[in-house]
Amino acid sequence: DPVLKKWAETSVDSYLAELLRIDGRHYSISQITCPDCSTSVVLVGYRCLGCEDSQLYCKACLVKKHTPNPFHKIQHWNGTFFCRDTLHNLGFVLSLGHPTGQIYPCSSLAPVKTLVVLDMTGVHTLNVLYCHCFQAQDEVRQLLRSQLYPATQTSPRTAATFRLLEHFHLLSFVSKVSAREYYCSLERMTDNTSSVSVLDRYRELLRMVRQWRLLKLLKRHGRGHDETGYAGTKRGECVVRCAPCPHPGVNLPIDWLVCLSIKLTRFRWLYRLFLAMDANFRCVRLQVSSEAADPSLNRGSAYIIEAGTAHNHICTFGKKIPDDISTCSNHKALKLASMRRDPGLAVTGLATTDCSRHDAKLPCSCTDLQAGERYVNMDLTLLSTLQQTDIDEAVGSYDIMCMFLSKFSQRTLTYPLNLRPKFPATSFVGLIPKFHLPAHREDCHLNFNFNYTPRVGRTDGEGVERGWAVTNTLASSIKVMGPGSRHDVLDDHFGARNWIKRTMFPKQFLAWAKENSDSREEAVTSFKIFDAGIPEATRTEWRQAVENWEKDPKQYPNPYMPTVKPITFDKVRLRLAEAKACELVRSPALDAVNQEASLSSLLIEGLDFRELQRKMAQELAGATKGTENAKSKILEKANSLRRRIDVWCNTQGLHFPAAVVVRRKLSQGVSSNSVTEIPLLLPSDLIRHVAIPLSALKLQWELEYALAEDTLETIRQGLLQRTYLYKWKDRYTHGQRSSTRSSATIARLQDRINNSATHYRISRKALGSLAPFVEAAGWDNVLKDLKPEDIRPLNRDDVDPDLQVQLTRDPSLKAPSWIWCMQGINREGEAEMQDALRIGWCKARACALRYQEECLLLQEEMRRILQTYDFEANTWTERANDTPSTMVSLEYLEGRKAYAEYQRFVRLRMAVECKEKWKKLPSNFLSGEGAIGLEDEVYNFV
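Under my numbering, read the sequence shown as residues 8 to 949, first letter to last.
No wet-lab data here; the hints were simulated from the structure.
Don't be surprised by glycine CBs; every beta carbon is placed ideally from N, CA and C.
Be aware that a few hints might be false.
Across the chosen pairs, the derived CB separations fall in these ranges [claimed, not checked]: (1) Arg649 with Ala754: 42 to 48 Å; (2) Pro569 with Lys640: 40 to 46 Å; (3) Ile261 with Lys223: 29 to 35 Å; (4) Ala24 with Arg210: 24 to 30 Å; (5) Ala24 with His176: 28 to 34 Å; (6) Cys322 with Glu720: 37 to 43 Å.
In silico DSS-like links for lysine-lysine, alpha-carbon gap of 25 Å or less [unchecked claim]: (7) Lys441 with Lys414; (8) Lys904 with Lys223; (9) Lys120 with Lys72; (10) Lys924 with Lys904; (11) Lys226 with Lys644; (12) Lys640 with Lys622; (13) Lys486 with Lys223.
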């Protein structure tokens, strides 16, 4: 920063001098008398740090001057320096119940009381004079009307200014500061030298903050405009609704149900709910307090399910609903959660069901975990969320949806009617989030894949994970709260995050529209080019197959599943062994060469020795700084390998006598006698020196090709596992010990990936040597040169920090590496090629469709956002014009109407901002290649 550098070089001393100057009387150094009454202030004068006026005043004038500012910090000049002082010490009295600065006769009859007030400037002690007129309000109301919040309802002795509560409320959302940290800051603001004793009002602050949260919640959701008030608040009523999501009666057409039945599936999927389920094990709670001692004030009116309802559900069904052992990917969510059970914890985590498209919390969607991520808890969050809506179709995502969904219908029949879904099980589509899918088995990739599932757009199902990053910052403070306090704080923060999401919609949807418009054009164009090269009959057959599967996945085969499996090294090895067995049956009397070892066995063993030599070279290089014991063990392994290679070389001489002569020539003049330097002289190496039978060359070619494919598969599996381990470490690993172990596991996996890459390059080099002799063509278009940047995960949102740096430097790396684009490619026949083409065609079609669906979904969601704002503006208009049935004061009516009108204004302003931003939508959003508009008569999907 050049400005900072210049300041440090030229201005530090002058700035420091000005700070020291202010500690004296500076402008008032020559002042002799008080500017208001001419009293001498030479020996004793007072100044206010909160006022812009730097003059010195006498005691009486300063007190009079601060009638409207009772919480300013005062200093008095003692002739040498400024000392801390307070208005309370100077005799200031705060009059309540009347307009500020006016004195009424009742003040002479009222006793003066002491009140401790918490303000942003510190902790203050004030003398307070309450109004005792004939129609005077009680002390609590007088404090509230002076924007002072009392800590108790009878004879309050402590209060907080509204601005302090508002400041802490907002600060807790932005910085996640705890009440303890905030109160410590107030104490330091009062006196930072610790030379003055500050009254402890921390518990009172906790009480006032909690009440303030509830009052703001009720106020913002119109409960103050409803005559039933707090008592009439319904469950899930006080939430900031996700505006782009479908809400019947709010942002859907009046006849949306009729539209569904008449126009079949044209609109049905646009009105789906997109949900994401997950659990968080950082939001724990210690064994502090109880529900009876600390109940929730929100009582299930926001995002957390009411504690009594959740407790009854767990007690009733906790033992009836078994948690099946995972038969899929050995997912440890259930295992780890159970292992984390601690006697000191009352709650082991938090389960939730969120909006998976917009990362918003939904009403009555969160509940506590008692002993892990159990089905009974996750069922409660999902079913409770579905009870809050009339939408009759939903897409849900969950880390282990393959296991969760297997018996979901059976479990729902166990629950009471008021918890069962309002729609049949066939209307619930269960999928696995895109980031978690690589850790699952191959059949999960085919059946629970967002990319293959129709009518889901580009939803990734990972929205709930992004929300945990914010929630985790609360973990340290909420773990020591009582159950009710914890729930109320979480409700408050979830609501704040939903509101922040709303403010981001104008820019966010514009960015999404631009991104998906370009990607849609590219995907649709690519598919049309692919589709044009397929014969009409084949194309029709494939389209019919994939459409049948999309309509009924259980009845029709999955078109994305390979029907011909690619050849592997083990398959080649087995086939050669079987061929040798048949040869032995036909010709029992073999020559000496065949009796010693078959050519296939020789080559297979030679390939093994080649890999062992490479690994031994690594071990020897790493043993130079090891202990003598470690060095001796490695040398013993090297000697054992040498003996085995010597035996193999003798056997090789029976098949290739020239190999003995060539090896002897290559060894001449070589000073190194290491086992890793022994030339194996496989046919691909020997061909450069002597003629080799074509059968031997073809045999090595076949083995090397299969070995190259195997190593690529090992690399792919290693990358998938590494992605999963990074996510696992970020989510579950806490503390140095666990973090070190996780890092070590990832490092070992990375070594395996690197070794496989080296192995692949060696096999490919051998294939390059053999290709001219076996007349192989086009193989290098399949087995390409493996560069370091090609070894990258399939998902661009991998949490590997090294990958993120690479993506920043080279955006082209965001496209999948070629190692992920060769599934099904095989060199042995037409069936394999047709299988690969069919899968490639289905994937290209699915990609184009998902982008078309995403653009259509964005249009519908943008329409729903505007309609939601209009609905809420009309609701606040009705509240503004509604007149209470009971007699109330004019002041209350005006305030009531003013707040409603302001809320209406906010919604209209947000709608205007959306419209202004969305005027900049890209031209190809509605008219580019593959574009579809909501009002189109026909939806031209590819």
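Problem set entry | Violations among the numbered hints | Hint check: 1, 4, 5, 6, 10 and 11 fail, others pass.
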